[in-house]
Each structure stands twice: as C-alpha cells, then as structure tokens.
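Undergrad: Since chain A is already given, all that's left is putting chain B on it; use the hints.
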Amino acid sequence: MILHIDMDAFYASVEERDQPELRGKPVIVGGNPKGRGVVAAANYKARSYGIRSAMPASQARRLCPEAIFLAPRIACYAEVSEQIHQIFLNYTPLVEPLSLDEAFLDATGSEKLFGDSEAIGRQIKEEIKAKIHLCASVGIAPNKFVAKVASDLGKPDGFLVVQPEAVQAFLDPLPVRRLWGIGKSGDQILAKKGIRTIHQLRQRPRRLLRECFGLWGEQLWAFAHGRDDRPVIPDHEVKSISNETTFEKDLDDIDLLQSHIVTLTEQVAWRLRRQDLRARTVGLKIRFADFKTITRSHSLPKATHTTQDLLSIAIDLLKTNLKKKQGPIRLLGMAVSHLVPGEIIQGELFINESQQKQQGIDVATDLIKSKYGQSAIKRGGGGA
Amino acid sequence: MKIKIDRKDLLAGIQRVHGVVEKKNTMPILTHILMNTQDQSVSFFATDLEVGIQGHFPAEVIEAGSITVSARKLHEIVREFQEGPVSIQSDTNYWIVIESGKSRFRIVGLPPEEFPVVPPINSETSIEINATLFSSLIRRTLFAAGENAAQYILNGLLIQIEKNSERNGLIRLIATDGHRLAITEGEVSGPNSFNEEGIIVPKKAILEIKKALDEGDVEGNPNLSIGDNLLVYRWGSVLITSRLVEGDFPNYQKAIPVGNDKHVSMQKSDLEGALRRVSVLAREKTSAVKFSLEAGRIILSASNPEMGEAQEEIEASFEGEGFVTGFNARYLLDALSAITKEEAVLEFKQADSPCLIKEKSEGFLSVIMPMRV
Chain A
1050 MILHIDMDAF
1060 YASVEERDQP
1070 ELRGKPVIVG
1080 GNPKGRGVVA
1090 AANYKARSYG
1100 IRSAMPASQA
1110 RRLCPEAIFL
1120 APRIACYAEV
1130 SEQIHQIFLN
1140 YTPLVEPLSL
1150 DEAFLDATGS
1160 EKLFGDSEAI
1170 GRQIKEEIKA
1180 KIHLCASVGI
1190 APNKFVAKVA
1200 SDLGKPDGFL
1210 VVQPEAVQAF
1220 LDPLPVRRLW
1230 GIGKSGDQIL
1240 AKKGIRTIHQ
1250 LRQRPRRLLR
1260 ECFGLWGEQL
1270 WAFAHGRDDR
1280 PVIPDHEVKS
1290 ISNETTFEKD
1300 LDDIDLLQSH
1310 IVTLTEQVAW
1320 RLRRQDLRAR
1330 TVGLKIRFAD
1340 FKTITRSHSL
1350 PKATHTTQDL
1360 LSIAIDLLKT
1370 NLKKKQGPIR
1380 LLGMAVSHLV
1390 PGEIIQGELF
1400 INESQQKQQG
1410 IDVATDLIKS
1420 KYGQSAIKRG
1430 GGGA
Chain B
949 MKIKIDRKDL
959 LAGIQRVHGV
969 VEKKNTMPIL
979 THILMNTQDQ
989 SVSFFATDLE
999 VGIQGHFPAE
1009 VIEAGSITVS
1019 ARKLHEIVRE
1029 FQEGPVSIQS
1039 DTNYWIVIES
1049 GKSRFRIVGL
1059 PPEEFPVVPP
1069 INSETSIEIN
1079 ATLFSSLIRR
1089 TLFAAGENAA
1099 QYILNGLLIQ
1109 IEKNSERNGL
1119 IRLIATDGHR
1129 LAITEGEVSG
1139 PNSFNEEGII
1149 VPKKAILEIK
1159 KALDEGDVEG
1169 NPNLSIGDNL
1179 LVYRWGSVLI
1189 TSRLVEGDFP
1199 NYQKAIPVGN
1209 DKHVSMQKSD
1219 LEGALRRVSV
1229 LAREKTSAVK
1239 FSLEAGRIIL
1249 SASNPEMGEA
1259 QEEIEASFEG
1269 EGFVTGFNAR
1279 YLLDALSAIT
1289 KEEAVLEFKQ
1299 ADSPCLIKEK
1309 SEGFLSVIMP
1319 MRV
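Chains as they are written, first to last, in the working numbering: chain A, 1050 to 1433; chain B, 949 to 1321.
Isolated chain A, as found in the complex:
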C-alpha cells in the first residue's frame, strides 16, 4: 500500500502554531493587504471566505477584509518540512517528497516492524501531531493516484484508507476533475460529451479519450480504472525534476510563452540547487491545443544548475519547435534529467567571469527566495 501524507494548510498552520494569537482568525501567507502579490497559503478560516492559493491578494482582501497577511518564511517551513521528513524515514526509506508539505511513502517493507500500512499511517499522523504540533491528512491506497485522491478528500485532519477491492467504488462517484491532469478545459471537453463522473468516463470506449487527449488519454483511462503503477522514488534516486503549467487560455505569442519558460526554469533550477544536484539534460514538453504533445531534449557537455545555462537551452528548444506552426499551445513543461549529485562536483580553480556572475545571481536570488518566498524575485524579460 502507498501512503500520501499532506500537511493541512501547511504555511498558515506553521504560522498559527508559532503565533498563538492568530488562532481562529483568517490567516493568509503571501501577498500583502495593499493587494499586491498572490496568496501562497490560507488557513481554513480564511478558506471559508472563499480564499484559495494562487488568488491575487487584492481579491482575497475583498473577500475577507479582516484577513491577516503574513510574509512567507520559507526557510522556516523548509526546516519544519525536514523534521517531518525525518519522522517518515523512521518508518520507511521509500519516501518521495512532492513539495515541502506532501510526500508519498511506500511502507510495504516495514509492515512486519510497525504493523500494516493503516497502522503505520496512524502512527505517523500521531507522531507529527505530538512532536511537530501540526495536522496531516493521510490517504492510503494501493497506488499513488488513489492515495492522493484519498488524502485530498479527507482534508482537513483526514485519514482515509481505500482497500484494493474498494478502489473502483471509491473512484466511481467522484467528478472527473479529481483525475490527475484534468483541469478547467479538460473538464469542459468531457462535460460536452456528457461525462461528469469517473464512472461515466470509464463506461465510454478508451478510443474516445485518445481522440480527446491523445496519448495522455491512455493515462487518464488507467487512472479512471484505479490503475497507476508509478513507484515511489526516494529523494536520492530522483532521476529528473520537472515543472509544467497549463494556460488558462491557449497561447501562441512567442514572448508570452518565453516568459512562461523563464518562470518554469527558475523553479526547476531552484529545486535542483536545493537538492544539491546538477543536470546534464534539459527537456521541454509542449502540448498543443489539439492535445498533441511533444517532448524535446538537449544534453549539455557539462552538468549545470545555473538558471541562465538551463534557460538558454530551454528557449532554444522552444524556438526550434515552434518554427513548424502547430497552432496554439495549451501546456508547457520544462524538465531536467541526468542529474549528478553535488557531492562529486570538483571545484574549479578558474571560473570565467560571466559564469561567476551567473552563479552569483543564483546564490543571491535563492537567498531572497528562501527568505521571502518563490515569488519574491523573478527574472525580467525573455531571459535569453
């Protein structure tokens, strides 16, 4: 069985824990009351006003004028995240963190030591509450996809176990949006065909999904049947780091696409540096309006974690692949692979000045991000 453990309103809960006077009040982390920036996290009280992550702060303020806005303390959240990670590792070495506040665990091998996966899930949830004073939601299921849906449904303070024989019954009544990768527009496409629930979707021929979503439709079909054979990959075995974004509206403006690549690359490079890794290969994923998806990659002679190095390749890949006109783009993804651990990186005696400058920029922006959050500083322009 796979466990998906997700901290409830993580950033906001850490703030509430550390500042008891905030308890019971609507708390928003990120953005400011003047309406600048976006909401990084909101506690459940704030959510009851309709405030959601990634919402502009101005809108959040309109919804709840008395909300308390706090600047993110990413370094502090990262430290708490590490403490939680250590608790996971007491139960199983197979821990795959997805972000600071959620992780997949495969505890199959530890059942003789700690009891079955359900017992392990309970122990972890209790240990986090007792030692870290935070609340986690736990989903337990035969695979990653179902485990994640289970922890999401249980929130907050959830604990949901889906036994193998109950998977289909569990998924069937859920709306198709619960499927990984179905967003607003995917939802609309399916709604037009009269498909609203996972049950309805799985009644339809597989071919239909292929027609709507291309190869990716196959994956959706498998999810709808509760099938997902992706293994839990521990942090130290990570083979690639990626990030993707689906646009609200399909894009064909090269400048806009380029600016999205800049944002994606910044995030990927930052994760790379945080894990003390360097990458040899840069990959780009483009999904066109007709759901046709292409991936292209390019390898470097030397592994790097410098944003600028990765960015110039990603932008080259984008430009080369947009030459042949394929219509507007609905999704862009950026990935790095062939990762080299930092520990075997031999220092260089002679660093050329432009290289040194780029590394200096990365160090400085990482510092700012760790203090004020991901959105605190960004690259301007096309970046190439």
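In case anyone wonders, no lab produced these hints; they're calculated from the structure.
A few chain A residues that face chain B, going by a derived Cβ cut-off under 10 Å, partial list only:
(1) D1325
(2) P1350
(3) P1390
(4) I1394
(5) Q1395
(6) G1396
(7) E1397
(8) L1398
Examples of chain B residues toward chain A, derived with CB under 10 Å:
(9) A1098
(10) Q1099
(11) N1199
(12) K1202
(13) A1203
(14) A1236
(15) N1276
(16) Y1279
(17) S1301
(18) P1302
(19) I1316
(20) P1318
(21) R1320
Lysine to any residue pairs mimicking SDA-like chemistry, simulated, CA-CA at most 20 Å apart:
(22) A/K1406 with B/K1202
(23) B/K1202 with A/Q1405
(24) B/K1202 with A/F1399
(25) A/K1351 with B/Q1099
(26) A/K1351 with B/N1096
(27) A/K1351 with B/A1097
(28) A/K1288 with B/N1252
(29) B/K1297 with A/I1400
(30) A/K1351 with B/E1095
(31) A/K1406 with B/A1203
(32) A/K1351 with B/D1125
(33) B/K1238 with A/V1389
Predicted model only: the values in this text are computed from it and were never measured.
We put the beta carbon where it would ideally sit given N, CA and C, even for glycine.
TA: Quick look at chain B alone, frame taken from chain A:
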C-alpha cells in the same frame, strides 16, 4: 652507411628516443628513427613534429652516412640479440642490413633526406640549471598538469624565467588541470635575458626532459634555451627540442588564495596513509573523500553506494571552529608527495574555498579546490 656498435649502446640509443616515436601510422616516417654517423659516434633522432630527441652513442664508423629505420622493428630485433657488436649497413634502395653473431636481418628503410630535420635553433634566452634541482622542480609540478584536458593549454607546463638578483635568475614551473595547481621555483645562473611572461611546454616534452635528467651522468649543468616558438634542452650528448603551446595560460596568481588563516598541521605520513586507506572505498573516478576538520583532529571518510564505507581519524594540531568539506584524495596525495618535511601544513579559509599546501623553503606551493560533499 656502415657502422659497428655495441648492442648495449644501440639499445640505449633506441630507448633514448623511443618515447617520441609516433605510434600511429599517419605519417610512416615518424615511426622511424634517423641514424646519422659523426666522427666516432652515431646520432639517433626521433620526432613527432612537436617534440624531437637526439642522442649520441659511441660507434665504429666504417662508412659515413645515414639511414632511417622502423623504431619498433629495430627495437624488437636488437632486444633479442645477445651481448656483443652489431653491424648496421645501408643497402641499395634504402634497405638496411643488421647483423649480430650468426643472425642477419634485412629490413626496409625510408629515404633519410625525407626525415623531418631538427628545427633551426636561434635562442633568445639561455640558462644553466642544476640537473637535480630541475628534475625536482619538474617532479613537484608535473602531477598537477592536465591529462587530455579539454582546455588544451592545461596539458602544458608554464615556465617563467625572472631576474632574481644581480647575477642570478629564478625559474618557475606552473602546472594546473583547472582543479589544482602546483608551482615550484629554483635559482638558475646566468640568464642572458628573461622570459617573465613565460612559455608553455607540452607535458610530453617535460616528461622526456625529466627522463633525460634522471638518466644523465655528465659533468656540468644542463642548458635550456628558449627561441622562437621553441624550447631546446641540451645536456651532454642529448638534445631535446619542443614546440611551444600557443595561447594564454590561465592567470594562476588569481587562483592562489590569500588570507587562509586556518592552519592545520599533522604528520605527513599519517595523512597520506589515511588518505590511501580511506580512498579504497571512495567512488571510483572521483576518489572523493570527506574531510571533517575538528579541534585536534581530522576525520576522513568515504562511502560508495555499491561497496560500503570507510573512516579514519588522524591527529592534527588545530584550534577553533572546524568544517566539513571533501577532496579528491589523489590531489592531496600528489601535493603531499612534493613536501620534503615530515610535518605538513594545510591552510584553509572555509569549507568551499581552496586549500593551500606549501613549503616555502623549497620553493613549493600547491592549491587544491575542494569537492562538495
């Protein structure tokens, strides 16, 4: 040409020049040795067009002349001969007849006039240097030079000749592969001019010079001259010429750290032994060893996900706040091997900055970049 030469001298002649003979057959004549008679000796010459070596050996010259012969075949033949005189004679159409005892060989040669000649030597700077000193300077720098480095220039050594005092000069050898740097200095007499900017000499030439220095047993000092794009080494009957590498050597002075105030001293043999032992379990290729500095001790450790771990602690005199860093064990061992004293001092600033190892009295300095652990 017809000569009689002792097998021992013939073998010595072949071996003297063998190192530069081209192994690849791209230009057949470069796989040959050129032999030339002179008074009562014969000269052996081989070149790969970058480095050329010439040595003279005693021989009885019956008929003056010259031949070129495949270095490999000649070596294979002579190696199997018994002690005693060997006769070498040119035949028509560049054939060569080699006889010793009751053996007789007839092998093909090439026209000697087609053999590349020793480049004209018009030196600008000329110095005399003590053979033992020069060999030691090379020994203590060569290890740091690049091995097939992508940046071609790093496969050479930088040699600078500066004015030291009224009558003497200072020779400085600098080698770096981009990860570590070694510098040695020594006094030389009588430079007629200086070359402060320095010349870059291919590693292969330096290796041959080192070999010639260590094998030489002639009176007096070797002479080094620097000419137009050429370095010439002469000692006794040996002449080595080398083309210089063109380009800019990295600014090595900028790579020498200043203000490394954390001085850690230990028995050199302790550190060497521990590095050798612990690196047995280091990941291959990198020889990465974790280096933890604490008050009074250094803990070396290595781990290899497929093999296991090793750890060793050594005593070191150090007070203050330590740190954890990592090194390629090979780099530390190479630098330590250049230290003559029993005590070694490593100078640090912080975990991710370069380590300095030096022996001022011996004119040696080395900089090693750490590895991130």
